[in-house]
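From these two lone chains plus the hints, build me the complex, please.
Quick note, the sequences are listed as chains A and B, same order. In terms of my numbering, the first sequence opens at residue 3 and continues consecutively. In terms of my numbering, the second sequence opens at residue 56 and continues consecutively.
No lab work stands behind these hints: they were computed from the structure. Where hints are given, some of them may not hold.
With a Cα cut of at most 30 Å, we get these calculated DSSO-like pairs of lysine-lysine [claimed, not checked]:
| # | chain 1 | residue 1 | chain 2 | residue 2 |
| --- | --- | --- | --- | --- |
| 1 | A | Lys209 | B | Lys213 |
| 2 | A | Lys258 | B | Lys169 |
| 3 | A | Lys218 | B | Lys210 |
| 4 | A | Lys236 | A | Lys181 |
| 5 | A | Lys206 | B | Lys169 |
| 6 | A | Lys254 | A | Lys236 |
| 7 | A | Lys169 | B | Lys113 |
| 8 | A | Lys147 | B | Lys117 |
| 9 | A | Lys206 | B | Lys181 |
| 10 | A | Lys209 | A | Lys169 |
| 11 | B | Lys181 | A | Lys169 |
| 12 | A | Lys251 | B | Lys210 |
| 13 | B | Lys113 | A | Lys147 |
| 14 | B | Lys181 | A | Lys147 |
| 15 | B | Lys210 | A | Lys181 |
| 16 | A | Lys181 | B | Lys117 |
| 17 | A | Lys169 | B | Lys102 |
| 18 | A | Lys107 | B | Lys113 |
| 19 | A | Lys251 | B | Lys117 |
| 20 | B | Lys210 | A | Lys206 |
| 21 | B | Lys210 | A | Lys147 |
| 22 | A | Lys254 | B | Lys181 |
The following residues of chain B were derived to be distant from chain A, with all beta-carbon distances above 12 Å [said to hold, decoys possible]:
| # | residue |
| --- | --- |
| 23 | Arg143 |
| 24 | Ala189 |
| 25 | Pro192 |
Fair warning: this is a prediction, and the values are worked out from it, not measured in the lab. A virtual CB, placed ideally from N, CA and C, is assigned to each residue, including glycine.
Okay, here's what each chain looks like letter by letter:
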Amino acid sequence: MMKRKTNSLFAWIIAVALFGTFSADALSAQSDGSAVASAASGLRVTLPKKDGSLKMLVFGDSGRGSKEQYELGKVMADYHQVFPYDTALLTGDNIYGTDTAADMKLKFEDVYRPLLDSGVKFYASLGNHDAPTQRFYQHFNMNGKEYYRLEKNNVAFYALNSTYLDKTQLDWMVSEIAKDTNRWKIAFFHHPPFSSGGRHGSDKDVKAMIHPVFVKHGVDVVFTGHDHFYERVKPQDGIHYFVAGAGGKIRKGDLKDRSPLTATGFDADLSFMLIEFTEDEMHFQVISRSGATVDSGMIRRKPN
Amino acid sequence: MKRISKYWALAFCMALFTLSAVGQKGFSGPDRAALADFQKRIAAYSKLRARIAGGFQKLPLKATPEQIEAHKSALQKALMASRRNARRGDILTPRAAAEIQRIISTGYVGEDRKRLRETVFEAENKTVQVRANAAYPEASELLEMPPSLLLALPKLPKELRWRFVVDRLLLIDSDALLIIDYMTKALP
Numbered sequence: 003m004m005k006r007k008t009n010s011l012f013a014w015i016i017a018v019a020l021f022g023t024f025s026a027d028a029l030s031a032q033s034d035g036s037a038v039a040s041a042a043s044g045l046r047v048t049l050p051k052k053d054g055s056l057k058m059l060v061f062g063d064s065g066r067g068s069k070e071q072y073e074l075g076k077v078m079a080d081y082h083q084v085f086p087y088d089t090a091l092l093t094g095d096n097i098y099g100t101d102t103a104a105d106m107k108l109k110f111e112d113v114y115r116p117l118l119d120s121g122v123k124f125y126a127s128l129g130n131h132d133a134p135t136q137r138f139y140q141h142f143n144m145n146g147k148e149y150y151r152l153e154k155n156n157v158a159f160y161a162l163n164s165t166y167l168d169k170t171q172l173d174w175m176v177s178e179i180a181k182d183t184n185r186w187k188i189a190f191f192h193h194p195p196f197s198s199g200g201r202h203g204s205d206k207d208v209k210a211m212i213h214p215v216f217v218k219h220g221v222d223v224v225f226t227g228h229d230h231f232y233e234r235v236k237p238q239d240g241i242h243y244f245v246a247g248a249g250g251k252i253r254k255g256d257l258k259d260r261s262p263l264t265a266t267g268f269d270a271d272l273s274f275m276l277i278e279f280t281e282d283e284m285h286f287q288v289i290s291r292s293g294a295t296v297d298s299g300m301i302r303r304k305p306n
Numbered sequence: 056m057k058r059i060s061k062y063w064a065l066a067f068c069m070a071l072f073t074l075s076a077v078g079q080k081g082f083s084g085p086d087r088a089a090l091a092d093f094q095k096r097i098a099a100y101s102k103l104r105a106r107i108a109g110g111f112q113k114l115p116l117k118a119t120p121e122q123i124e125a126h127k128s129a130l131q132k133a134l135m136a137s138r139r140n141a142r143r144g145d146i147l148t149p150r151a152a153a154e155i156q157r158i159i160s161t162g163y164v165g166e167d168r169k170r171l172r173e174t175v176f177e178a179e180n181k182t183v184q185v186r187a188n189a190a191y192p193e194a195s196e197l198l199e200m201p202p203s204l205l206l207a208l209p210k211l212p213k214e215l216r217w218r219f220v221v222d223r224l225l226l227i228d229s230d231a232l233l234i235i236d237y238m239t240k241a242l243p
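The following block holds chain B by itself, in its conformation from the complex (with noise of 0.2 Å):
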C-alpha cells in the first residue's frame, strides 16, 4: 500500500511537471492573450496618431514634392516628441515577439524558410540603425514583405507595417517613416 502511494506522488508529480512546461511552451496553440495584448497597444497608438495627425492638414491627393516632405517632417517629429519616452518592447513586448517569433518559424520551414532569408538578407537596408522611436532612413530599402507571412501575421491597421531589416522585425509607420518598435531574432 505505501509502495503504491509512492507511485501515485511520482505519477502527480509527472502530470504537474508536463502541465506546467505545456503551459510555458505553448504546446496548447497561439498564443492569444499576448495578440490580444499586442493589439491593445497598436491601438493605442493608433489612437495618440489620430490625434496627433489630427493638427495638420491633410494632404492634397496630387501634391507638390515639398508638401509630401513638410507633412512627413512636421508628422514625425510630432510622433518622436509625443512618444520620447518609447522603449523597445512597449508594443512588441516579450510575450508577443514569442509568437511571431511562433509565428514565423511555424510558417517557414523548409525552402520557404530559405527562401525568406534569401529575401531579407538581399535587401539594402542593412544599415540602418534600428532603435525604437527613431526615424527609418528614407534612402534605405522598404524590403517586399512576403504576402504569405502578411496572412500570417498579426493585422496591422493602414498607417502601420511590418518590415524586415536583417533579422529584426520592425513596426513601422507608414507615412511618418518612424520604427515605433522592433523585435530581434524573428528569421527562423
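With the rest of the complex left out, here is chain A (with noise of 0.2 Å):
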C-alpha cells in the first residue's frame, strides 16, 4: 500500500500520468540520450545518467531463491540494459537458511546471473540470517572481513555488521569516518536505525550508537533493511535514511501509517533502488517488482 492518505489518491494518480506525458519529452531534451534509449525499451529511468557518474544498485532481505525474488532479478537486469550500473550494495540477510553450495546458486547466482555476467560487482553486509563465514564468498567482494570500507568516485561507503556492533568494530568505525576526506560518506548495514516497520522498526539500540557518530562526522546517506519494503525516512540531523529490505519478500500493509519518520514508503510488493551519484548529488529512483517506479528524487550533499 503506497503510503498516501486515500484522499489524495486521485491526485497521486493525475501527478504520475502527468509525469508519464510531459517527462519523457524532457528527458528527451537531455543532449546525452539517455531517454531514447529508456524509451526504446519501454523503461523509464529518471537518473541523469551522466557519463563518468557512479551507477549502482540496492536492495536486501532478498536470498530466499523464490520466485518473487527471480522475478524482481529479471526487473534488475532490465534496467541494468538502460542505466548501466556496475556496482550493487546489500543490506543483508542475503541468504535465508542453509547456504551451501546448491543455496547459493538457488538463492543468489542464477537470481542475478545477468548482472554477474555483465560484470556488476555485489558488496554485502551481514544480516541475522546470514552466517558470518558468508564474509569470504566470492561474490559478496567482503574479502573475509565482516565490515569494511569501499572508495568509488569519490564516494566513501562504509559496511557495517550491525548483527553485532561491538566495540572493535565501533572504534574502527569511528577512526575511518573520522579521516575520511571523500565528497560523499555513506554507510550500508541490515538493522535500520529508523524504520516505521510493525514488525521491526526503528533499532533503538542501533541507532543510540551509531547515529551520533554519523551526525559528528558527516556521514550523507544510509542504506539499510531487516524491515521487508522500502522506506524513505524524513532526514534525522541532516541524514538520509533509507530502508531497502524488499528484494526477496514482501511484509505488506508493515509499514505504520501516519508514522512521521516516512517520507514516502511502498510495502505493497518487492522493489530494488537504483543509485547514481554526479558530484554534489544523489539521485535515486526506487523500482517495483512490475517495473513501476515509486519513489524517485534527489539529495544534495551536505556542505563541509
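So this is what it looks like as C-alpha cells:
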C-alpha cells in the first residue's frame, strides 16, 4: 500500500499520468540521449545517467530463491540494460536458511546471473540470517571482513555488521569515518536505526550507538534493510536513511500509517533502488517488481 | 559490665553476618576474579582452536561456497572431537555465569529490559537444541546482539561471539558454528 492518504490518491494518479506525459519530452531534451534508450525499451529512468557518474543498485533481504525474487532479479537485469550500473550494495539477509553451494546458486547466483555476467560487483553487509563465513564468499566481495570500507568515485561506503556491533567494530568505524575526506560518506548495514516497520521498526540500540557518530562525522546517506519494504525516512539530523529490505519477500501492510518518520514508502510489492552519484548530488529511483517507479528524487550533499 | 559484654558480642556477630552476606552477594562490585578466570578459560579455548585451525588450509578471501562449506565442516568436526568431554559450565563456570547475570540485570532495567526481551523472543531460533560442544544449526537466525550489551559483557576474541537463544546466553565459535558453552537464565 502506498503510504498516501486515501483522499490524495486521485491527485497522485493525475500526477503520475502527467509525469508520464511530460517527462519523456523533458528527458529527450538531454544531450546524452539517455531517455531515448529508455524509451526504446519501455523502461523509464528518471536518473541523469551522466557519463562517468557512479551508478549503483541497492537492495536487501533477498536470498530466498523464491519466484518473486527471480522476478525482481529479472527487472533489475532489464534496468541494467538502460541504466548500466556496475556496483550493487546488499543490505543483509542475503542468504536465508542454509548456505550450501546449491543454496548460493539458487538464492543468489542464478537470480543475478545476467548481472554477474555483465560484471556488476556485489558488496554485501551481513544480516541476522547470514552466516559470518559468507564474508569469504567470492561474489560478496567482502574479502574476509565482516565490516569494511569501499571507495568509488570520491564516495566512501561503510559496510557494517549490525548484528554484532562490538567495541572493536565501533572503534574501527569511528577512526575511519573521522579521517575520511571523500566527497560523500555512505553507510550500509542491516538493522535500521530509523524505520516505520510494525514488525521491527527503529533499532534503538543501533541508533544510540551509531547515529551520533554519523552526525558528528558527516555521514550523508544510510541504506538498511531488515524490515521487508521500502521506506525513505525524513532526514534525521541531516542524514538521509533508507530502508531497502524488499528484495525477496514483502511484508505487506507493515509500514505504519502516519508514521512521523516516513517521507514516503512502499510495502505492496518487492522493490530495489537505483542510485547515481554526480559530484554533489545523489539521485535515486525505486522500482517495483512490476517495473513501476514508486519513488524518485535527488539529495544534495551537505557542505563540509 | 556483664550486660555491656553481651551487647558487644551481639554487635560483633551482626557485623560478621553482614560482612559474610556482602561477600556472598557481591555488594562490593564486580566479581573480578570470576571474570579473570573466565578470560583464562577463553584463552585456553583460543589456543586449542588456533592449533586446530592451523592444521587446515586458510580460506581464500574470495572462496567458492564449496570451499567455505568444507572449511566450516572440517573445523567444526575437529573442534568437537578435541573437546568431546566438554560440559556445560567448563568455560562459563557458575561463578562467571552469576557475574554475567549481574552485568546484564544491572544494565537492563525498565524499558531497556523490556526491549531486550522483545528482541530476544522475536528471533527465529527458539527451536535450537542448546548443548555444549554441539553445532549451532546454520539455518537458524543469529540474533542481533544489542551493541550496548556487547560493550558491557566481557570482551571475546574475534573467533567467539555471544548469542542469545531465548533466555540462554551462548558462547559460539563463529566460523565453526559451534556452541562451546552456555548459561541459562541470562535474561533479566
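Each hint, compared with the structure:
Using a Cα cut-off of 30 Å, the hinted pair lysine 209/A and lysine 213/B holds, with the two alpha carbons roughly 23 Å apart. The hinted pair formed by lysine 258/A and lysine 169/B meets the criterion: a straight-line CA distance of about 21 Å does not exceed 30 Å. Only pairs whose Cα atoms come within 30 Å are accepted, and lysine 218/A paired with lysine 210/B is accepted, the gap being roughly 26 Å. Under the criterion of a C-alpha separation no larger than 30 Å, the hint pairing lysine 236/A with lysine 181/A is consistent with the structure, at around 27 Å.
A hinted pair counts as satisfied when its Cα atoms are at most 30 Å apart, and lysine 206/A with lysine 169/B qualifies at roughly 12 Å. The suggested pairing of lysine 254/A with lysine 236/A holds, with an alpha-carbon distance near 21 Å, which does not exceed 30 Å. The suggested pairing of lysine 169/A with lysine 113/B holds, with an alpha-carbon distance near 26 Å, which does not exceed 30 Å. At most 30 Å may separate the alpha-carbon atoms for a hinted pair to count; lysine 147/A and lysine 117/B meet this at roughly 11 Å.
Our distance criterion of 30 Å between C-alpha atoms is met by lysine 206/A and lysine 181/B, whose separation comes to about 23 Å. For the proposed pair lysine 209/A and lysine 169/A, the alpha carbon gap of about 15 Å is at most 30 Å, so the pair holds. For the hint linking lysine 181/B to lysine 169/A, the alpha-carbon distance of about 27 Å falls within 30 Å, and the restraint holds. For the hint linking lysine 251/A to lysine 210/B, the alpha-carbon distance of about 36 Å lies beyond 30 Å, and the restraint is violated.
The straight-line distance between the Cα atoms of lysine 113/B and lysine 147/A is roughly 14 Å, inside the 30 Å bound, and the hint therefore holds. Between lysine 181/B and lysine 147/A, the direct Cα distance comes to roughly 28 Å. Compliance with the 30 Å bound is thereby established for this hinted pair. Proximity of lysine 210/B to lysine 181/A is assessed by CA-CA distance (about 26 Å); at most 30 Å being required, the pair is judged to hold. About 28 Å separates the Cα atoms of lysine 181/A and lysine 117/B, which keeps this hinted pair within 30 Å; it holds.
Among the hinted pairs, lysine 169/A with lysine 102/B is consistent with the structure: their alpha-carbon atoms are about 22 Å apart, no more than 30 Å. Between the alpha carbons of lysine 107/A and lysine 113/B the distance comes to roughly 23 Å, so the proposed pair stays at or under 30 Å and holds. Straight-line distance between C-alpha atoms of lysine 251/A and lysine 117/B comes to about 28 Å, which keeps the hinted pair within the 30 Å bound. At roughly 22 Å between alpha-carbon atoms, lysine 210/B and lysine 206/A fall within 30 Å of each other, so this suggested pair holds.
A distance of roughly 19 Å separates the Cα atoms of lysine 210/B and lysine 147/A; the hinted pair therefore holds under the 30 Å criterion. With a CA separation close to 25 Å, the supplied pair lysine 254/A and lysine 181/B stays within the 30 Å bound. Its beta-carbon lying about 23 Å from the closest one in chain A, arginine 143/B satisfies the requirement of being farther than 12 Å from that chain. Residue placement check: alanine 189/B keeps its beta carbon more than 12 Å from all beta carbons of chain A (closest about 17 Å).
Distance check on proline 192/B: its Cβ comes as close as 9 Å (rounded) to a Cβ of chain A, failing to clear the 12 Å threshold; non-interface status is violated.
Going through the hint list in order, the structure does not satisfy hints 12, 25.
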